[in-house]
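Number of protein chains: 4
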Amino acid sequence: MSGLTKEQIEEIKVQRAETKETKRVVSNGLENILYESIPVLDHGFIRVIDYMGDDTSIVQAARVSYGKGTKHVSADRGLINYLMRHRHSTPFEMCEIKYHVKLPIFVARQWIRHRTASVNEYSARYSVLDKEYYIPDAKNLASQSNSNKQGRGAVLEGDNARKVLDLLIEDSEKVYDDYEKLLVGFSKKNDEENGLSRELARMNLSLNYYTQWYWKIDLHNLLHFLSLRADSHAQYEIRAYADAMLETVKQWVPLTFEAFDSYRLNGAYLDSKSLNVLKKMVKGLKVTKENSGLSGREWEDLCSLTDYDK
Amino acid sequence: MSGLTKEQIEEIKVQRAETKETKRVVSNGLENILYESIPVLDHGFIRVIDYMGDDTSIVQAARVSYGKGTKHVSADRGLINYLMRHRHSTPFEMCEIKYHVKLPIFVARQWIRHRTASVNEYSARYSVLDKEYYIPDAKNLASQSNSNKQGRGAVLEGDNARKVLDLLIEDSEKVYDDYEKLLVGFSKKNDEENGLSRELARMNLSLNYYTQWYWKIDLHNLLHFLSLRADSHAQYEIRAYADAMLETVKQWVPLTFEAFDSYRLNGAYLDSKSLNVLKKMVKGLKVTKENSGLSGREWEDLCSLTDYDK
Amino acid sequence: MSGLTKEQIEEIKVQRAETKETKRVVSNGLENILYESIPVLDHGFIRVIDYMGDDTSIVQAARVSYGKGTKHVSADRGLINYLMRHRHSTPFEMCEIKYHVKLPIFVARQWIRHRTASVNEYSARYSVLDKEYYIPDAKNLASQSNSNKQGRGAVLEGDNARKVLDLLIEDSEKVYDDYEKLLVGFSKKNDEENGLSRELARMNLSLNYYTQWYWKIDLHNLLHFLSLRADSHAQYEIRAYADAMLETVKQWVPLTFEAFDSYRLNGAYLDSKSLNVLKKMVKGLKVTKENSGLSGREWEDLCSLTDYDK
Amino acid sequence: MSGLTKEQIEEIKVQRAETKETKRVVSNGLENILYESIPVLDHGFIRVIDYMGDDTSIVQAARVSYGKGTKHVSADRGLINYLMRHRHSTPFEMCEIKYHVKLPIFVARQWIRHRTASVNEYSARYSVLDKEYYIPDAKNLASQSNSNKQGRGAVLEGDNARKVLDLLIEDSEKVYDDYEKLLVGFSKKNDEENGLSRELARMNLSLNYYTQWYWKIDLHNLLHFLSLRADSHAQYEIRAYADAMLETVKQWVPLTFEAFDSYRLNGAYLDSKSLNVLKKMVKGLKVTKENSGLSGREWEDLCSLTDYDK
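Residue numbers (numbering that gives the first Met the number 0), protein chains in the order written: chain A, 0 to 309; chain B, 0 to 309; chain C, 0 to 309; chain D, 0 to 309.
These aren't lab readings, by the way, just hints derived from the structure by calculation. Mixed in with the good hints there might be a few duds.
Unchecked claim - Below, computed lysine to aspartate or glutamate pairings styled on DMTMM-like, alpha-carbon distance capped at 25 Å: (1) D:Lys309 with B:Asp306; (2) B:Lys187 with C:Glu169; (3) B:Lys249 with B:Glu35; (4) C:Lys288 with A:Asp306; (5) D:Lys130 with A:Glu169.
Please model the entire structure based on the sequences and the hints provided.
As structure tokens, this is what we get:
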């Protein structure tokens, strides 16, 4: 379920109970969910642990002003839209957020490619990993796409699906049982001193095992991460995390989220050839795939973007 | 003086007066000085504008724990010393601080070489710069060192010093007067529309003019910056800023400051040849510059580090 | 002119004359101009000093293949277009280039904001700066724009222009003369030992003085730099450098340049509101500024992008 | 073995056979081993694929000179030692190297924590991974250390060792067999179209499976990586890669390697308390653990560093 033990739930409750005074800028939206565990996948979660700044910090930095933001929300919104539209990214770097994340190792491997964050991961050299592994929900158990070499096709069904799941579970159980055996070894004493060291034994675990880390990033780089990982081309499992994080951004910096939603998530980039075709479309000229000069994929993308009646 | 206008002082007072509630970790040391202007050089300052985390955040990240830090300060101190000693830098990245800094342009040019921070600078393309320039205090008016090609020698005195200062002031005044003339031009209208654009006119100003920026950095990278810029080899003017920032670090994360002070600021790095000489010294063998195999500079450094009686 | 002394021209000639053998990938386009000084502004230049990789290196990295690129240029072009279109940036990081650049200090200050490069700058703490300063060409001597707070308006003319130029030259000459005086001081000896240290004296120079540096960057980050600095919103003086560098990219990685030209330099980003308006335009519906729901600027931008007949 | 197929060996031979002309700086040491596969662990390797610069490039950047390096190797050596000793790191950033590496996934997870490099990894979303997994050599099959929570103790022996190895092999074989089954599924058709998508099936593989990537980094950051990963505290498996890379650095930039060896690999950092104790030792005063004021670990480290006769 929540991926948390009783003890952990207790620790979180204690943190949430304590309120202090600060002169810093405060985001009420984030304060409401601070430390709370937001479930993702079967055993994972994200938790916002700390943050710095809010929408007014962006305005303050853009103006290099002595006070915070402007007097009126509408002026702040206008400036934030302007910054987002013109890709003036440095003011967004002035806000920072820290998450505690529990996630399968194969997701962690995609995630860590983003190098502009700070990470402290649970060490399996130092500690024994818990027995928690990811098994996809039946509705996410997809076959290989036959059009996209790195995508998913139809959902597996019936007996086929059941056998796939059974095998995933069987192997996950076996590698963990054997991990425990390796840790104590096969001598008569059967203890850690004669077992395989933790840093070696861990290599018997499979990539669907959960790990966890603290992950800290500034708002500009977080939005870049989310624009890639909340995208439909991202693997479903990392997208699940990105979607949960989008909600926290909405709570944290509502004006920035609004601008991001319009200028990034739901915007589109057009290359020069597509722009030329577009001009003809707008003029009412008949364009076809053949006379467009675009590749098949580019033509499809342009028509779908503009609802063009082919 | 304070480098602030009445209006700015008022804005700062307003910010300091407002107290909010937060569930985040709070550093009481920093709360006491938040937003306040700490003077540096003749017209500069640093102000802490925002921060995230404290000593317990470092412990929390190092342990990837659910709660904050450990129960006992002594355990936290021990772990922080261990992390500092073994250069485990990532937990220190979990704390973040944001400064508002006013500084001469030639200092800003040294400062900006550190690439691991976020910066928003006041734009002289967009706004007119104030008439504020740096003139060294008499006691910092040094001649060129004749031993160190990038260092300072004796302090200038008497008439010589006076004439140097007079010339610095004369030119600073002239370039600003002319900057103002350039901005309105020499047409009959004598207004901005016929003056030189701000982005061009600014190039008439000299490098001792003040600029300002918001500068945000994590604790690990801040300590690296301070270890270089609070060092005796750094130019006095940037060292003045580093020294002021060291004080804020001490307020913010006292345990980390203590470890930094012992393991970085007052520690020393020894190369393998010097280590070999050291072993002889410890054994009570007589070592001389000649039989040490070290270069003159290395020999001097080693003797001074160990109080060796040459 | 070329901004080079006879000695420097000689050194460059020597470097260009020497040919060695290598097993590495070679870009013939860049070899032709290696080390050569390409003039920018009145005394500046860029020189390509070294490079690593070419178009085939991008293909090789994208495929994680054992050999280089593919067999056919057309397949390489297709893959490079795909990577550029879908913003798969890491393969472009596999190519690296190093420039030697001579540029006015105020340009250097804009340039250095890009933090993803390596820089070694000529040190005015250590050495005396040459007497070389930037004076805009008459055709670039623009007034402040009255529509854009950080842009240029009309070119200054006649007497007004002449007086502006005269004043810029006068101050540039004066601050350098005085810089030389400060360096030797006003004692009877009149030598460096009694002069102001170089690290202090330099602050008397104005921001149009030239500095120089070695600047090294990977292709992905270079293209990002160029997309911002070769843009019409960038200040003319830095754009002049970006334009010169674009030519070197064209020589270096022609397929990548082609893709960059189409997908970045001449492409456009559309936000979600503009996309909705676009759909109406494509359907042949009459749209006006008023019923578009766009801001004035957004409406103008969309019409100009699509040649829409308002 | 070599970890390479016949085809791959052939591709490498072709690359090595082709020699071109260049005006760039050339490192003869690296040219000799370019593209060659240097074996690491049981199936891994490193290969130098490309590079930029050599020792003279560092000197050139430090001096911001027009030619390359200085006339005499001894002057270059002196300058490089000076830069290394005083941690002037930017000139070392001017050299760049690119490796092709094949490594177990658990090693890749440690490696990727270094964020200052560029990486392109083989995609198991896109392609099926080969059946290659890491099994430690008998002499590296260590038990958990009982003094160091993240280290290794004694080597496992006899029957215990054999059973540990057998179990590692058994599970590695099973997870791959089942990976193949998952890829084709359990429908009657038994083909990819009804099998689990590659991006999901891969999660059944264990962390000792091999992956591969192109990894590009500048010399400064490479040396930092090596100082951490060639250290005795690093896990043996990543140290094996670091050791192999150290050899390539020695071939590439011999003067820099020499300085790195003396000032980093075999140097030591002393904190202020240890420095104080050291002064007493050098004076010939008797120091004991008790009166030193050091912790047990610090005392042991200092005595071992100085060969102090406790």
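These are the hints, each one checked on the structure:
1. Using a Cα cut-off of 25 Å, the hinted pair Lys309 (chain D) and Asp306 (chain B) holds, with the two alpha carbons roughly 21 Å apart.
2. For the hint linking Lys187 (chain B) to Glu169 (chain C), the alpha-carbon distance of about 22 Å falls within 25 Å, and the restraint holds.
3. At most 25 Å may separate the alpha-carbon atoms for a hinted pair to count; Lys249 (chain B) and Glu35 (chain B) meet this at roughly 16 Å.
4. For the hint pairing Lys288 (chain C) with Asp306 (chain A), the CA-to-CA distance comes to about 21 Å; that is within 25 Å, so the pair holds.
5. Taking the CA atoms of Lys130 (chain D) and Glu169 (chain A), the gap is about 20 Å. The hint holds against a cut of 25 Å.
Comparing the model with each earlier hint shows no violations; every hint is respected.
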